[in-house]
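**Student:** Residues per chain, in single letters:
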Amino acid sequence: MLKFIGRRAAFAAMTILIVSAVVFGIFSFLPFDPASLTCGQRCTDQIVEANRVRLGFDKPIYEQYWLFLSGIFAGRTYGAGSAAFTCPAPSFGYSFNENACVTDMIREALPITISLAIGALILWLMVGIGLGIIAAKFKNRWPDTSSSVFVLLATSLPTFVTGLALLIWVSIKWKLVPLSLTGYTSLIDNPYKFMQYFILPWITLAIAYAAIYTRFTRAALLETLGEDYIRTARAKGVGERVVFFKHTLRAVLAPLVTLAGLDFAGLIGGAIITETIFNLPGLGRLTLRSVYEFDLAVVLATTILAAVVVIVMNLIVDMLYAVLDPRVRIV
Amino acid sequence: MSSRFALRRTVVVASASALLLGTVLVSGSNVATAATTPKTGGILTFLEHEPRLDHLDPARIYTGRDLAFMNSFHTRTLVAYNPVPGAAGANLVPDLATNTGVPSNSAKTWKFTLRPGTKFEDGAPITCKDVQYGSSRVFAQDVINNGPTYMLSWLDIPKDKDGNSIYVGPYKSTPEAQAAYEKAVSCSKDNRTITFQLNKSIADFNYLATYGVISPVQKKKDTGDKYDLNPQATGPYKIVENSKTQLRMVRNSNWSKASDPVRTPYPDEVIIQFGLDEEVIDQIMLEDTIPTAMNFGGPLPTNKDKFFTDSKFQKRRMNNSDPYAIYIAFNVKAMPCLEIRQAMYYSRNAKALLDYAGGPTYAGSYATGVISPLVAADYAPTKVVGPGSPDFMPEGNVTKAKALMETAKTKCPADYKKATEDGITLDVRQSVTLNDTIPINEAAYGRAGIKVKWNIISSGYYSTVMNPEKQKDMSASGWGADWANASTVIPELFASFGGFNLSQNSADPAYKAFEDKVNLAMKTTDRKKQAAIWKELDAYAMKQMWVLPTTFGKAQEIWGSQISGVFFWVPQGNPAYGKMWINN
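Chains as they are written, first to last, in the numbering used here: chain C, 1 to 331; chain V, 1001 to 1584.
So that you can see chain V by itself, here it is in the shape it has in the complex (with noise of 0.2 angstroms):
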């Protein structure tokens, strides 16, 4: 399990790229600052456009960016990625524990062991209850949200008549509810041993422990929401200031490199500055005006060349395929017509929106499913969409759009003349890019004759569109695995039970097989065989055409002259920060 090549969730919704198209990669370049001896000291600066990261948190942090970034210098989990560069960087190695977790009883049990001598930044010690108390807050959706919720489905403990968790987080559950959760996650009378008891077996649950979701929090710091505006830090670093301008950590005095394995911080600062002009920040790249800075959000599509075709550039730039599969999920009630789904898929003019996006090197690749080629062991083109597949056609194949239409006409005339004379409505986020995108994806679409609406999202987007009573007819989405199993993804986008299905397809006739198949690629804890069956499934859910698959995407990075150490963290999809060193 270890050499399993891990990623991490997160939902992207950008309503351009998630209109743009689908990718495919894998490729994109590895580059390395000319390594020399690693230098201690500097401040280590990153120069970001959004105001803020979305959340310090341990327990809401979701983006792989935002882990990557936290996990690297200030909050440490049960068990950690070895932040290498390679393959090897997907390995899982113990941070707070001892070992990568310890399963027995058929992986429904799961044991961790803490290490000596780890320290909150208070200088109180890390103990057991520490951690059972951190895990226990995500259960309190109604504070603690945003993070990854599978605790509260994985974790045995009772459920009520709706199917929720009987408990519902330490801020006010009843004493029942608490001592079952307590009996889930349990510490040994030693404090040094926590165990988890889940209500199914799950073999890889220790790669859920690289997330913050199960990290320890001192009761008495909780401050529910209010936490995530200062967490108590457990890394080499602590925060000094969080502000409207700017993310400060400095060293943690209570942090012992004897205790930390897998970190070796190198600045004696770390800096984000936020709300930057996206065109500034790229101008100081340009000129080098803080050669120990790095572009945190990645260069202006306008900017790339500039980056990526000047050799002064080559050891200060960096291009890989990143973890997400963009896609438009079609709402299956809404749309419950095979063939009208189908033919939106083949009269769609991918070739002209990744050309608008970047093109191939710098937006991705088209699309083969919504498995990203990045999760290795699961991936396979489909072979029903995308690249490899007999009727793609990067421009869009009108004629077997016109045909699939035709089929609709008397097969499902409500949807026909849904298609074609109410028009088809499609949730986008807000976006600059949508003056261009629209009149793109209207012609395209308008090829097949298929009228399309739009219904432009300015605010909480997930939260429209994950509502089954405001979600429109497709919505623009994208995913990246959490980990480098596609039960991270199959089951989270299809399955009745997942938490981010849009297609709402439970209904579909061809769902219930689809399910079952599922179950059992859960249950199956051959590997191999488990990823023929993830492999197997992406294909039946593009048959089923239950999300029109976009791009796998690609991702920028760009720093300054002074920074050295960089290298992509696979895993996690993003540079390791805190890998990275400044030479003077």
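One chain only, chain C, in its complex shape (with noise of 0.2 angstroms):
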């Protein structure tokens, strides 16, 4: 097993490393020059040198890239005489749209971020897989029409909507749950708060996901019932029980976890939609509008840190392949 996770961590950083030279290549090479964005109305020639030199970027392309890498590892100093700052280690490089170290930014928005995608993981698991398991247990009886009419609905539903609706009429209209203004509380800080101040993004991303885990769930239960060894079991007098929970759901639970291993990575890298609609500061947020401002810092940071997540995600799903899943076996 160790010998597995080494080989695959190996493999993992090295992915990383030609993930962050591809996309530090590319925000290099596009067309505008990242010096001139950093100054305002008088921009003048000198103005944008001036924040060359201090920014690095009269630098060659391979020297810049040399500088973030090692930023990360020995952190990083822009400018000089007394208006020198530092980012220090891991430093991803410095927002001049925000007057911050990037990584600074990225330990606000990631535990948000991380927060928003766990509880709606959690939620969407359980409503998901729990309908998919009535619906296939009832199959085309009402427990399963049911489950396909908010399977219809969830799908159809874009999440902006699902997500204004919920604020407008749940929090603003009804005052059911209060509006929740006044910023991020950890859950060991304020779990009231905390819960006050996901619950409605929570439902919001659960209702998207939940849909699809209920058609997937369902689909994959009922064609496993239909296997062999689930007729052998059964004609070797097993409980329905022990058939359906043990031999049925488990082999079900291994592509759900492969699904909900990326679909987990993939909000990491930012529920931008749910972020933007209840103004929650996460990843997503941060991302999007750095693209919008070309706060090139900032984007190559998240962007690298997204495919992280998705390789690291992966990797865990692997391992918990070979737990669920006796058959299959680490070499």
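I should point out that these hints are in silico values taken from the structure, not numbers from a laboratory.
Keep in mind that the hints are not guaranteed to be accurate.
As the list claims (entries may be wrong) - Coverage of chain V stretches by chain C, computed from C-beta distances (three or more under 8 angstroms per stretch; other residues unrestricted):
hint, segment
1, 1132 to 1142
2, 1165 to 1178
3, 1223 to 1235
4, 1244 to 1256
5, 1266 to 1279
6, 1313 to 1322
Stated by the list, open to error - Ranges of calculated distance between the beta carbons of each label pair, as one might list FRET restraints:
hint, chain 1, residue 1, chain 2, residue 2, range
7, C, L17, V, S1186, 15 to 25 angstroms
8, V, N1435, C, L187, 34 to 44 angstroms
9, V, E1241, C, E227, 39 to 49 angstroms
10, C, A165, V, F1497, 48 to 58 angstroms
11, C, Q64, V, S1186, 35 to 45 angstroms
12, C, A165, V, E1050, 20 to 30 angstroms
13, V, N1230, C, Q64, 22 to 32 angstroms
14, C, Y192, V, P1439, 31 to 41 angstroms
15, V, E1287, C, R234, 54 to 64 angstroms
16, V, N1435, C, Q64, 33 to 43 angstroms
Backbone N, C-alpha and C fix where the C-beta goes; we use that ideal spot for every residue, glycine too.
Dock chain one against chain two, each of which comes alone in its own frame, and use the hints as you go.
**Tutor:** Here it is, written out as structure tokens:
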């Protein structure tokens, strides 16, 4: 197992390095001058050049990339004189729009996105798998039909419609969930405020994902229930409960874990719409704003972070696979 | 001078509004919430769609709303506008200084004496050295940018061969350059009086002292561009949180009412909530979900009727002219043919664009020049463009436009070919409204046979259009006076030494006579005579069609039922935020 993890970790590190180089290269060759974006109305050539030097854009691309990489491990100092400043390691650059080190910005945004993703994941897994099981158990009866209606509705409604509707009706008009404008509070600091802050975003995301998981779970369960080994188990007199939960559901869980892992990774990369509607200053909103403002350092960092999360989640999913399905052997 | 009506400049480039039309205005209701006795306490909340204020660093704030907000609560300046309703709000009053500035030497020397007992939020007393240091930071344009830059050209500091100040700010200047600065901005021995030596007579220099660009900063607390995140307070509130979600300010225990004749801080806390969806903000206002909140950015066009036609919002709304003249600047170097520039003006369908933006009720009125009616002393309809001019038709005067194009055909055939075959390129900022305004514009210009193309800039708009190498044929823009003198409009927009000359008009044969007159106006200390020259120059610029004027804008404000004391602060073009209080 350790050998497997080591090998995959090395592969993951190499992939991340390649991704970072590619992303850095793409941004470096975009047809605009990042130095000129740093100054305002009175943007003279002198100011642009001064900023180019201050932010290191005057160096060759390979040197800029090296500075970026070394900054991750050793930190980086920008500018000179009494206005110089340092972004300590791990430094992913400096945002001239926000006057902040990118790592600090990510450090602020990440807990919000993780909280959003984990809460939504739990909710959609519970609802999606639960409804899928019910639909499969009561195939072609009213619970199945009802779940189909839910699936149809939930997949038809875009997240921004669900989110805005929840916010406007549940919070503003009906006042069932108080508007939470004061910002993020961690679960440890204040569980009540934490729940209040995230409940509507969780529901918004969960509705969209739960529909997919309901459909997937139902289909996979029905398919597995028709497998030969299930028929054999039943013929041997194994109880229906054991057949369903031990032999069928367990087999279905493996692909579900894969799906959940990738969806979770995708959310960490940015639940942009949900974060925007509910004003959650997470990674998605940070990325979106940075793209709009051409804040390349932030876009670069969040892109690489998203790639890292996908790679790490793949690694975790592979390991869980082996736990869930004994037929899979880690070599 | 103190009675002058002052505004602040701010460049507005909203592609939609810039392509929309022109204004005229001045009306606009000036509603104040039913006045009761002001109450202390509570949390005054502002709901904002944008993710942050552009700047908090006093030297970098240059937009009217942000100046009105920060100077009401957080930042004190040497001189301030009197926060009262009506024309009296444009009067200058002493703030950190004991007077509104004492000019001498034909207004080339200005002295301000500091009021005793003023402190920074850390308790350190505010001294002349702090103002001297704070005023030096704007010279470091690579670090402290986006603020007003008058100091760079006005202070009596030697220039290099390129005409730039040899002083490049406090961070990396040579000792000689630093000495030159300290000669131009000096402190008295008792560290209480600051003197500014200017290189020319500036009769209204004290209006610049209403900006944070001349305000105290402690050298030891200056963190360069990071100072923007948490500047030291000198006013009644200090920043305790500046996050992605909110800017939160609480009472500054080192501020005392005895030392501040201007501010009357009522709420215990002032908060701006950032990044909220605009529709959500409007719904909060419609439902009065947060009765102590104000919509900081104004309602969505689609919701304006809900607020302004329903009488239940009568005491919770305000619809005023804003200080901006919106226009499209012609790059005269790229479009030297006057007839084609004029043909574009006359073929444009100003009415369709104004209606799209909300009509005269919400969007403003057709512009008659670049001097806004809010710069009352210097404003007069030019009678060259807009209402009052003989050929102006809101839907476009196609007959005149076609005639001008016919003239252009023989007078400037190369430019005619470009306009009719290759197409004229407009710089505009990316916006969803372009989907609607582009077809309106293309159809309108097409009536005179003019083809237009679009250079849609999604980021770095100013740095692009202000770069002569990158600017196309026309650039959407807007401008508001920094204070009530067109000296902050006409020279800035059209003189070769102006800070925001997008017209590149210095090679125009008509330019020389114009600049001579600008210089004359700058030297003229008789305010009436000066105003007459500005009016004449506004008309002159319109005759030359160096810009295509579109609208004088309007802005709407909406607030919750528990907020009182709201009134339009004329010189700032925004509510006097510092005068609001919470009822319960």
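**Student:** For each hint, tell me whether it holds in the structure or not.
**Tutor:** Quick rundown of the hints versus the structure:
no.	hint	verdict
1	1132 to 1142	holds (count 3)
2	1165 to 1178	holds (count 3)
3	1223 to 1235	holds (count 6)
4	1244 to 1256	holds (count 3)
5	1266 to 1279	holds (count 6)
6	1313 to 1322	violated (count 0)
7	C:L17 with V:S1186: 15 to 25 angstroms	57 angstroms, violated
8	V:N1435 with C:L187: 34 to 44 angstroms	43 angstroms, holds
9	V:E1241 with C:E227: 39 to 49 angstroms	58 angstroms, violated
10	C:A165 with V:F1497: 48 to 58 angstroms	55 angstroms, holds
11	C:Q64 with V:S1186: 35 to 45 angstroms	43 angstroms, holds
12	C:A165 with V:E1050: 20 to 30 angstroms	24 angstroms, holds
13	V:N1230 with C:Q64: 22 to 32 angstroms	30 angstroms, holds
14	C:Y192 with V:P1439: 31 to 41 angstroms	52 angstroms, violated
15	V:E1287 with C:R234: 54 to 64 angstroms	58 angstroms, holds
16	V:N1435 with C:Q64: 33 to 43 angstroms	37 angstroms, holds
In summary, the structure is inconsistent with hints 6, 7, 9, 14 from the numbered list given earlier, while agreeing with the others.
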